[in-house]
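**Student:** Please model the entire structure based on the sequences and the hints provided.
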Amino acid sequence: MTEHIVSAFDTDLKDLAGKLAEMGGLAEKLVADSITALLTRDTVLARKVIETDRVVDRMQQTIEEQAILTIARRQPMAVDLRAVVAALRVSNDLERIGDLAKNTAKRVGAIEGDFRSPKLFGGINHMSELVLAQLKQVLDAYAQRDNVRATEVWRHDGEVDALYTSLFRELLTYMMEDPRNIGFCTHLLFAAKNVERIGDHATNIAETVHFLVTGQMLADDRPKQDETASTPIEFRE
Amino acid sequence: MSAMTTEADMNTQAQAAVMPRTDEDAPLIKVTARDVNVFYGDKHALKDVSIDIPERSVTAFIGPSGCGKSTFLRCLNRMNDTIPIARVTGRIEIKGQDIYDPALDVVQLRARVGMVFQKPNPFPKSIYENVAYGPRIHGLARSKAELDGIVEDSLKKAGLWKEVQDRLQDSGTGLSGGQQQRLCIARAIAVSPDVILMDEPCSALDPIATARIEELIDDLRQNFTIVIVTHSMQQAARVSQKTAFFHLGVVVEEGQTDLIFTTPRDKRTQDYITGRFG
Numbered sequence: 000m001t002e003h004i005v006s007a008f009d010t011d012l013k014d015l016a017g018k019l020a021e022m023g024g025l026a027e028k029l030v031a032d033s034i035t036a037l038l039t040r041d042t043v044l045a046r047k048v049i050e051t052d053r054v055v056d057r058m059q060q061t062i063e064e065q066a067i068l069t070i071a072r073r074q075p076m077a078v079d080l081r082a083v084v085a086a087l088r089v090s091n092d093l094e095r096i097g098d099l100a101k102n103t104a105k106r107v108g109a110i111e112g113d114f115r116s117p118k119l120f121g122g123i124n125h126m127s128e129l130v131l132a133q134l135k136q137v138l139d140a141y142a143q144r145d146n147v148r149a150t151e152v153w154r155h156d157g158e159v160d161a162l163y164t165s166l167f168r169e170l171l172t173y174m175m176e177d178p179r180n181i182g183f184c185t186h187l188l189f190a191a192k193n194v195e196r197i198g199d200h201a202t203n204i205a206e207t208v209h210f211l212v213t214g215q216m217l218a219d220d221r222p223k224q225d226e227t228a229s230t231p232i233e234f235r236e
Numbered sequence: 000m001s002a003m004t005t006e007a008d009m010n011t012q013a014q015a016a017v018m019p020r021t022d023e024d025a026p027l028i029k030v031t032a033r034d035v036n037v038f039y040g041d042k043h044a045l046k047d048v049s050i051d052i053p054e055r056s057v058t059a060f061i062g063p064s065g066c067g068k069s070t071f072l073r074c075l076n077r078m079n080d081t082i083p084i085a086r087v088t089g090r091i092e093i094k095g096q097d098i099y100d101p102a103l104d105v106v107q108l109r110a111r112v113g114m115v116f117q118k119p120n121p122f123p124k125s126i127y128e129n130v131a132y133g134p135r136i137h138g139l140a141r142s143k144a145e146l147d148g149i150v151e152d153s154l155k156k157a158g159l160w161k162e163v164q165d166r167l168q169d170s171g172t173g174l175s176g177g178q179q180q181r182l183c184i185a186r187a188i189a190v191s192p193d194v195i196l197m198d199e200p201c202s203a204l205d206p207i208a209t210a211r212i213e214e215l216i217d218d219l220r221q222n223f224t225i226v227i228v229t230h231s232m233q234q235a236a237r238v239s240q241k242t243a244f245f246h247l248g249v250v251v252e253e254g255q256t257d258l259i260f261t262t263p264r265d266k267r268t269q270d271y272i273t274g275r276f277g
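Line by line, the protein sequences give chains C and S. Just so we're aligned: 73 in numbering that gives the first Met the number 0 is position 74 of the first sequence, and the numbers increase by one with no gaps anywhere. Just so we're aligned: 171 in numbering that gives the first Met the number 0 is position 172 of the second sequence, and the numbers increase by one with no gaps anywhere.
It should be emphasised that the hints constitute simulated quantities derived from the structure, not laboratory data. Be careful, since some hints might not be right.
As the list claims (entries may be wrong) - Distance windows between CB atoms, simulated: (1) S:His137 - C:Asp9: 53 to 63 Å; (2) C:Ala71 - S:Gly40: 41 to 51 Å; (3) C:Gly108 - S:Gln255: 48 to 58 Å; (4) S:Asp41 - C:Asp145: 47 to 57 Å.
Unchecked claim - In silico BS3-like pairs for lysine-lysine, Cα to Cα no more than 30 Å straight-line: (5) C:Lys118 - C:Lys105; (6) S:Lys46 - S:Lys156; (7) S:Lys266 - C:Lys13; (8) C:Lys18 - S:Lys266; (9) S:Lys94 - S:Lys161.
Note that the Cβ used here is the ideal one computed from N, Cα and C, for glycine as well.
**Tutor:** Right, here's the structure in full:
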């Protein structure tokens, strides 16, 4: 893209993009660490995730302030306006992703003394890998303004939803098998829900990238496969 | 949605999900220009300009200095006729009538197409006379009372009545810059023109006076067709419904203002409105 006549405007936009890249990297790391902490029941790592989430929150504030200042100072138009609005939206999603990772990390302490079979972790492990890959790809797509890769992420969120639905059923089965599993599995279920929500935020970012590149909105009827809200829970004697 | 959906289906869905880019329901067209070319001696100032100007709305012309936007504006009331070396070709119609028809009375045309300039230029006469002048020479009022009515109505429409109603006999040149500009607008609308042309009407005004003129333009578009040339892109975005971007004598892009300033199609438009060249 050609540079602005006012070079300070370019500096503002580059600075904003740099801060978002940094925030994206940090949010990604929080998600990865929170899952590792859960799978290995590493309470030290979990505490670190909880602490670091504050940094992500502060970054979101900084980005918001800087974006507002850029709008006030430069009155951006067209692609520049979309870049600033996209920065606001993406930083919001990243902040929520940080919160969800923190919530997962908090549950590590709760299940510490109540560990059950490692086979219970299989589903959430697989789902997390998928979501982390989605998050990484969408952040790359955002940094490179790559609408094709962003749209791929948008399309593949259905797989995450499907995994979550099957994990939900699986955990229900464990709980029915042995009521002593209930506490542990409930925490796992919430952690899985966090991961699924992180996938949704990745999809939001994909929609933002599409808007940033094309100036058009992706209508919100992408394929959804999270059926847990309508899944009946029957207790079989 | 089943989990068996194919990749190709997904592609179609993603495409269908994109909201279509539509223009608003087409309004009535007041001014039609086709293949308009303007030459100043050897200089080819406007090249094949074709544009429709919808009625009862504001159309903005933007573009860097020397791009031809003012030249085109001046074609619309044949102001270029006053420049000996200027030559205009092509066709311009207002309400279906060819305004370059040799049989057309140019004085009548300029009554139908009013103009407001960059610097307010009231006549060195009273406020009343500034507004009454046009209707009087065009014989629009049959009595003094009727003329008084036109003056009051025009000043009210121009948002100036409350400020000047007690001093209509004071000189127009004694008003502030913003008031003078509104007086010139009152003078333009006193003859009930079909179109009002505004050539950078706010560039000599402070921000408050500018805001008043912009508010006025928004009111006036209920009754008038307005064409405004402005160097302020923010102003064009604020006041107009349609925008045309001129560059090097051609209309690079024209369309709904909302789209021009959010998702311009042409790279030159994008570069100009985002401050990348000018």
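**Student:** Holds or violated: Lys118 of chain C and Lys105 of chain C, Cα atoms, limit 30 Å.
**Tutor:** holds, 21 Å
**Student:** For Lys18 of chain C and Lys266 of chain S, compute the direct alpha-carbon distance and say whether it is at most 30 Å.
**Tutor:** Since the Cα atoms of Lys18 of chain C and Lys266 of chain S sit roughly 28 Å apart, the hinted pair holds (cutoff 30 Å).
**Student:** Given the range 48 to 58 Å, decide if the beta-carbon distance of Gly108 of chain C to Gln255 of chain S lies inside it.
**Tutor:** holds, 56 Å
**Student:** Next pair to validate is Lys266 of chain S with Lys13 of chain C; report whether the Cα-Cα distance is within 30 Å.
**Tutor:** holds, 21 Å
**Student:** Straight-line Cα separation of Lys94 of chain S and Lys161 of chain S no greater than 30 Å?
**Tutor:** This hinted pair is violated, its Cα atoms lying about 34 Å apart.
**Student:** Does the beta carbon distance between Asp41 of chain S and Asp145 of chain C stay inside 47 to 57 Å, or does it fall outside?
**Tutor:** At roughly 49 Å between Cβ atoms, Asp145 of chain C and Asp41 of chain S fall inside 47 to 57 Å, so the hint holds.
**Student:** Take a quick look at whether Lys46 of chain S and Lys156 of chain S sit within 30 Å of each other, Cα to Cα.
**Tutor:** violated, 37 Å
**Student:** Do the beta carbons of His137 of chain S and Asp9 of chain C sit within 53 to 63 Å of each other?
**Tutor:** Given about 54 Å between the Cβ atoms, the range holds.
**Student:** Go ahead and decide if the range 41 to 51 Å is satisfied by the Cβ distance of Ala71 of chain C to Gly40 of chain S.
**Tutor:** holds, 46 Å
Comparing the model with each numbered hint stated earlier shows that hints 6 and 9 do not hold.
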